[in-house]
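A.B. asks: With these hints in hand, go ahead and build the complete structure from the sequences.
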Amino acid sequence: MQYYTPESFSEASELSKNAEGIIRFLAGGTDVLVQLRADITTPDVLIDIKKIPDVKKIKKNPDGSWCIGAAVCGAELNEHEGIKSDWPGVVEAVDLIGSTQIQGRATLVGNLCNGSPAADSVPALMAAGATATVINSSGSREVSIEKIPHSPGRTTLGKGEVVSAINLPAHKPNSGDAYLRLIPRTEMDIAVVGCGINLTLEGDKISEARVSLGAVTPTVILVDAAAKAIIGKQLDEQTLEALAEAARKACNPISDRRGTIEYRTHIAGVLAKRAAKIAYERARS
Amino acid sequence: MSNIHVNTIVNGDEVGFLCDPRETLLDCLRDKLSLTGAKEGCGTGDCGSCSVKLDGRLVCSCLVLGAEAEGKKIETIEGMSRDEKLHPLQEKFIEHAALQCGICTPGILVATKALLEKNPNPSETEVRYWLAGNLCRCTGYDKIIRAVLDTAADLREAK
Amino acid sequence: MALDDQRKSGFKFVGTRPNRPDGMDKVTGRAKFGADMYAPGMLHGAILRSPHAHAKINKLDVSRAEKLKGVKAIVTRADFSKKINFTSGKDLETWNVLENIMAGEKVLYDGHAVAAVAATSALVARDAIKLIEVQYEILPHVTDVDAAMAKGAPIVREGVADKSVPEGLNSNVARYHESGHGDVEVGFKEADLIVEDSFKTEATHQGYIEPHACLATLGNDGKGELWCTTQGHFYFQKICAALLDLETSQLRVTASEIGGGFGGKTTVFVEPVALALSRKSNRPVKLVMSRSEVFRATGPTSSTSMDIKIGMKKDGTITAGQGTFRLQGGAFPGAPGDLTAMCAFAPYSLKNVHQIGYDVLTNRPKQAAYRAPGSPMAAFAVESVIDELCKKLNLDPIEVRLKNASRKGTKASFGPKFDEIGLVETLEAAKEHPHYSAPLKVGQGRGISCGFWFNFGGETAVSLALSEDGTAQISVGTPDIGGSRSSMALMAAEELGIPYDHIRCTIADTATLGYNEISHGSRVTYASGLATIKAAKDAINKLSKRAADKWGIPKEAVKWEDGCAVPSGPNAGNFQPLSLKDLTKNMGKTGGPIVGHFEATPEGAGVSFATHIVDAEVDPDTGKTKILRYTVIQDAGKAIHPSYVEGQYQGGAAQGIGWALNEEYIYGSDGRLQNAGFLDYRIPLASDLPMIDTVIVEVPNPGHPYGVRGVGETSICPPLAAIANAVSAAAGIRLRELPMSPPRIVAALNGK
Amino acid sequence: MVQVNLWAGLRRFADGKDTVEIKAQNVGEILNALENKYPELKEIIEAGVSVSVDGKIIASGLTEPVYEDSEVFLLQQLKGG
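Protein chains in written order, with this note's numbering: chain A, 1 to 285; chain B, 1 to 159; chain C, 1 to 752; chain D, 1 to 81.
Treat the hints with caution; some may be incorrect.
[What the hints assert, rightly or not] DSBU-like cross-link-like pairs, simulated, lysine-lysine; straight-line CA separation at most 35 Å:
| # | chain 1 | residue 1 | chain 2 | residue 2 |
| --- | --- | --- | --- | --- |
| 1 | B | LYS159 | A | LYS56 |
| 2 | C | LYS351 | D | LYS37 |
| 3 | C | LYS392 | C | LYS626 |
[Said to hold, decoys possible] Chain C stretches covered by chain A per the calculated footprint, using a threshold of three residues with CB under 8 Å from any CB of chain A:
| # | stretch |
| --- | --- |
| 4 | 69-83 |
| 5 | 682-690 |
| 6 | 738-745 |
[Unchecked claim] Below, a sample of chain C positions facing chain D; criterion: calculated Cβ distance under 7 Å:
| # | residue |
| --- | --- |
| 7 | SER164 |
| 8 | GLU167 |
| 9 | HIS177 |
| 10 | GLU178 |
| 11 | GLY263 |
| 12 | ARG371 |
| 13 | PHE418 |
| 14 | GLY604 |
Honestly, the hints are just simulated from the structure, not real lab data.
Backbone N, C-alpha and C fix where the C-beta goes; we use that ideal spot for every residue, glycine too.
C.D. replies: See below:
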């Protein structure tokens with residue numbers, strides 16, 4: 001294994017473009033190192049991006065949107081009052097990843113690029129309408145989060161492409177987001193199901209909504225039908241049931257050591273309802 | 001690839017070592033610097049017994065590469081008491097019988113020290129969630145939580 | 001019959017809570033555990049393990065691995081004793097251990113060791129095992145106990161069944177146990193209500209945080225040194241010597257600090273392999289398991305399938321109890337089906353009781369002891385049925401248990417009459433405890449359960465040497481898992497009459513003491529404690545002799561009081577008391593060093609009982625259970641160091657909570673373990689648990705000088721049932737399968 | 001003579017009896033006598049058994065005394081965790 005510490009993203013991109021074999025970028029390392037130690041994946045080339053300037057920065061743009069550097073760890077997000085108040089659902093989702101120790105390392109970009117269908121922050125980012133800044137040899141572009149996951153453990157990023165930051169849109173008035181996941185214990189588990197919801201109100205009716213689900217399909221997905229089920233409605237019992245129904249319909253899970261098909265499908269509905277209530281309350285306050 | 005030369009500061013001392021790029025910080029602390037207080041219980045960041053502070057952040061040293069330590073400041077259990085006197089947490093853990101086998105103890109002490117530095121007045125629930133990544137199989141956590149809360153109260157009073 | 005000189009009161013040190021002697025080392029990171037030892041020129045080992053549940057090894061080629069730079073030795077089964085043959089009877093177990101640490105012709109489970117490498121670094125060793133080529137011929141496998149007993153099941157190994165197994169069972173049944181008394185059919189006829197039900201529990205792992213680790217040095221002169229994490233280094237010495245054709249006395253084994261065992265470190269896994277690698281490379285070899293190796297290849301518990309039938313009268317009298325307990329113990333005999341059967345009904349005084357236990361082979365790792373092996377599962381099944389009977393007959397669960405409770409003189413379900421026991425006292429304490437009458441909210445439920453364990457004595461040797469300055473050092477041979485050095489020092493202080501701090505207790509290596517049985521069966525505070533007391537008395541005897549000589553009076557005229565030799569009465573003469581220090585100061589000149597000894601096999605461990613109360617809340621939408629409140633009430637006989645007794649109670653309860661709710665071995669249809677890590681093998685976290693309250697009941701054990709009963713194991717017997725009863729009350733359905741994970745609870749609720 | 005109680009699973013090796021009368025003064029003599037009287041029990045006893053004498057469970061010791069009126073049970077070998 002070769003270990004590199006490039007000083008710019010273009011250098012990182014060049015390194016990965018020209019490298020042979022298995023290439024991994026190292027940010028927080030909480031997935032890369034686990035896979036290395038467990039002999040699941042031993043990269044031939046490991047590119048540590050943490051020496052690149054500004055990778056640890058959280059920046060608020062003049063329009064109120066946010067840019068989160070690729071190496072910002074969970075604890076740093078959780079300590080950031082501004083982003084927490086704009087996007088509480090996203091920050092809570094990040095905070096759910098692993099322990100205090102993992103929070104000292106794990107990053108949004110890593111969680112996204114690991115390609116796990118059960119990644120906690122990804123449904124929240126998708127619901128929030130976030131984008132990733134992707135850098136390759138021809139420059140940089142913004143890609144919506146829902147375009148990044150490809151299949152379990154794989155992303156749509158090509159060789160020589162590296163994510164430098166995550167961008168969250170400006171917080172709209174009368175809107176709120178939430179993320180919930182189900183795990184058997186209180187902490188430390190991988191989501192059996194995850195659900196992110198972001199909604200905007202006009203009066204007490206929902207005018208805009210984005211609903212996403214994790215761990216119930218091969219990648220995290222945005223569920224348009226679930227959003228439609230609540231748009232134009234108040235969040236009454238009937239609407240919640242319709243939301244749950246739409247969420248369950250979108251499920252195509254597997255049975256494994258973390259949950260059965262029936263259980264995951266059932267829980268998707270339960271979490272969609274609970275997350276919607278939290279997001280709704282946040283939008284009202 | 002050949003070994004990487006790493007210079008770092010551990011518990012205030014400048015140290016250097018050579019490591020394979022695949023070796024973790026935990027491997028390096030234990031095998032190259034003879035600091036065996038951090039333990040490998042899982043190697044996957046699930047048990048917390050290798051907890052150390054890296055530039056002020058609590059991390060699992062099994063999920064950090066040795067090479068990443070270049071130019072960093074690392075604090076381990078060996079640096080918790082710098083002179084004859086134990087850290088109040090160490091004293092209280094002994095007094096409360098908050099350890100049985102003791103394998104998780106260094107990690108839990110490093111983690112709880114980090115907690116009290118950040119939050120001098122944690123609730124029982126806050127202590128429990130802060131320590132969710134530090135597995136203990138012997139105690140049922142009861143006496144550990146009591147020792148931490150008791151230390152926190154003493155430290156607040158001393159201020 | 002109580003020991004003539006049993007002491008019940010007036011303790012000065014016993015019952016206090018001093019700091020443990022190893023505390024400083026353990027809070028500073030200085031304590032040396034299995035993986036913390038290094039030797040000059042040391043190599044690192046790694047073990048290649050089977051990915052298959054059951055397969056024949058057709059070819060094993062290590063030549064490519066041998067050529068890798070830095071590889072110094074490779075061992076396979078051929079490098080172990082050839083004198084150990086597959087046979088029946090008591091020699092079979094040695095063969096089983098050998099076959100388990102290194103496969104012979106077949107691999108029998110996912111994780112079974114096939115070959116091992118020693119190399120100049122851990123990374124090189126791990127790289128090297130990937131270069132070993134193994135050709136497997138895959139065989140049909142079975143991992144479920146009921147499937148393994150069914151007709152046509154794949155047979156794990158022919159010829160394992162011992163004489164106890166009746167005709168007509170397939171070859172996976174290795175042992176059979178049947179016991180009881182009275183006539184259960186008559187008893188069932190007397191019942192007003194009979195409940196009959198079936199239960200299953202999954203295998204759980206002891207889950208000690210420290211993986212198995214050792215550092216071995218062995219030359220071709222047959223002399224060796226082994227440093228390892230173990231519950232019993234004397235047993236490790238004996239078995240390693242046998243597996244490597246060494247003379248036992250030529251191998252010195254030193255026990256490291258042990259990072260948890262719970263029964264799982266009572267047997268060898270990596271130690272003989274490291275010794276074989278060391279002999280072949282002529283260098284010290286360190287071998288440390290990874291966490292996934294611990295899960296795949298070391299001892300989980302048995303999984304079980306159980307049928308229970310209990311009859312009860314309207315007034316709560318149990319008229320008959322019957323149980324069938326099928327335990328799989330992996331690919332080797334040894335599952336404690338017999339102990340499960342014997343413990344099942346032990347808390348109750350029954351006129352009619354009948355129990356059957358099976359020990360069944362499957363393609364899983366060889367089960368190892370785990371805290372009261374077999375008993376928690378039995379309690380889960382039996383106490384669930386009793387709970388159901390109480391509910392249906394509208395009876396208070398504690399009153400019913402009190403009505404039927406075993407007492408002194410009760411004929412136990414496993415045969416003999418009980419001596420002094422404390423079950424009734426734990427039930428009375430439970431009834432009086434504020435927890436039992438605290439109000440519950442909607443969606444919450446309360447469960448109670450009793451539990452029983454035998455406890456154990458075993459070979460024990462202790463020596464207690466006095467120093468010239470009047471201090472004492474105790475050498476014991478039982479590794480300290482939970483603070484036992486502290487208890488030993490307290491008992492010695494009590495006898496000698498010198499302060500606790502003046503005594504140091506050390507776990508001696510195998511060259512220092514006679515054979516000591518493993519630290520298991522909750523035996524340490526009982527047996528090593530008894531041995532420490534007797535060794536101290538032996539030393540006092542010798543001290544008294546020195547005083548008598550000095551005073552010129554017979555030894556019988558000297559008694560030991562408060563740390564001093566004094567004349568036994570006015571007739572003995574008028575002499576100033578001589579303190580221990582006065583007598584040791586010149587001991588070299590008055591007859592030489594003074595050392596007290598005890599070497600024997602104490603028999604009289606004294607069984608123990610517990611009653612647990614637990615409140616649980618179930619989220620009916622998600623099936624998640626929260627433990628709200630937990631109280632452990634257990635008979636300790638006499639608590640030497642109450643903090644560490646409480647620690648055992650709390651630890652056992654916590655492990656029981658994990659077993660009940662989330663811990664399980666999950667096998668795929670390919671026979672591979674799906675959750676070999678702490679991520680998906682879910683042991684309780686700090687955030688999962690409430691404080692665990694404890695009540696120490698003390699009904700002295702007649703077989704110990706101070707009345708000590710072992711406390712380590714009984715605490716894990718009641719939780720599975722107590723939690724199942726609480727969950728059933730909260731959710732309104734009976735849970736019959738462990739763990740009661742959220743998907744299982746939701747499925748049960750949907751099937752309501 | 002000492003009355004020795006067998007567990008039910010052993011009856012078929014002892015002519016269907018669940019108690020056996022044996023002349024013995026200690027645990028070892030009981031086990032020897034049982035093996036001599038019922039050779040089929042040998043394998044079971046050799047694999048390891050415990051004995052209870054008047055409610056006291058003797059896990060392994062052969063020298064523990066027994067008396068004419070002692071209550072004696074043969075038990076499966078005990079072990080722990």
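A.B. asks: Does each hint hold? Answer for all of them.
C.D. replies: Taking the hints in turn, this is what the structure says about them:
1. LYS159(B) with LYS56(A): Roughly 34 Å separates the two Cα atoms, so the pair holds.
2. LYS351(C) with LYS37(D): The given pair, whose Cα atoms are some 30 Å apart, holds under the 35 Å limit.
3. LYS392(C) with LYS626(C): Cα-Cα ~26 Å, so holds.
4. 69-83: As far as the stretch 69-83 of chain C goes, the hint is violated, because 0 residues have Cβ atoms under 8 Å from chain A.
5. 682-690: holds (count 5)
6. 738-745: holds (count 3)
7. SER164: Since the shortest Cβ distance to chain D is 6 Å, the answer is holds.
8. GLU167: violated, 10 Å
9. HIS177: holds, 5 Å
10. GLU178: This hint holds: GLU178(C) lies near chain D, its Cβ roughly 4 Å from the closest one there, short of 7 Å.
11. GLY263: holds, 3 Å
12. ARG371: holds, 4 Å
13. PHE418: At about 6 Å, which falls below the 7 Å cut-off, the nearest Cβ of chain D leaves the hint on PHE418(C) intact, so it holds.
14. GLY604: holds, 6 Å
The structure shown violates the earlier hints numbered 4, 8.
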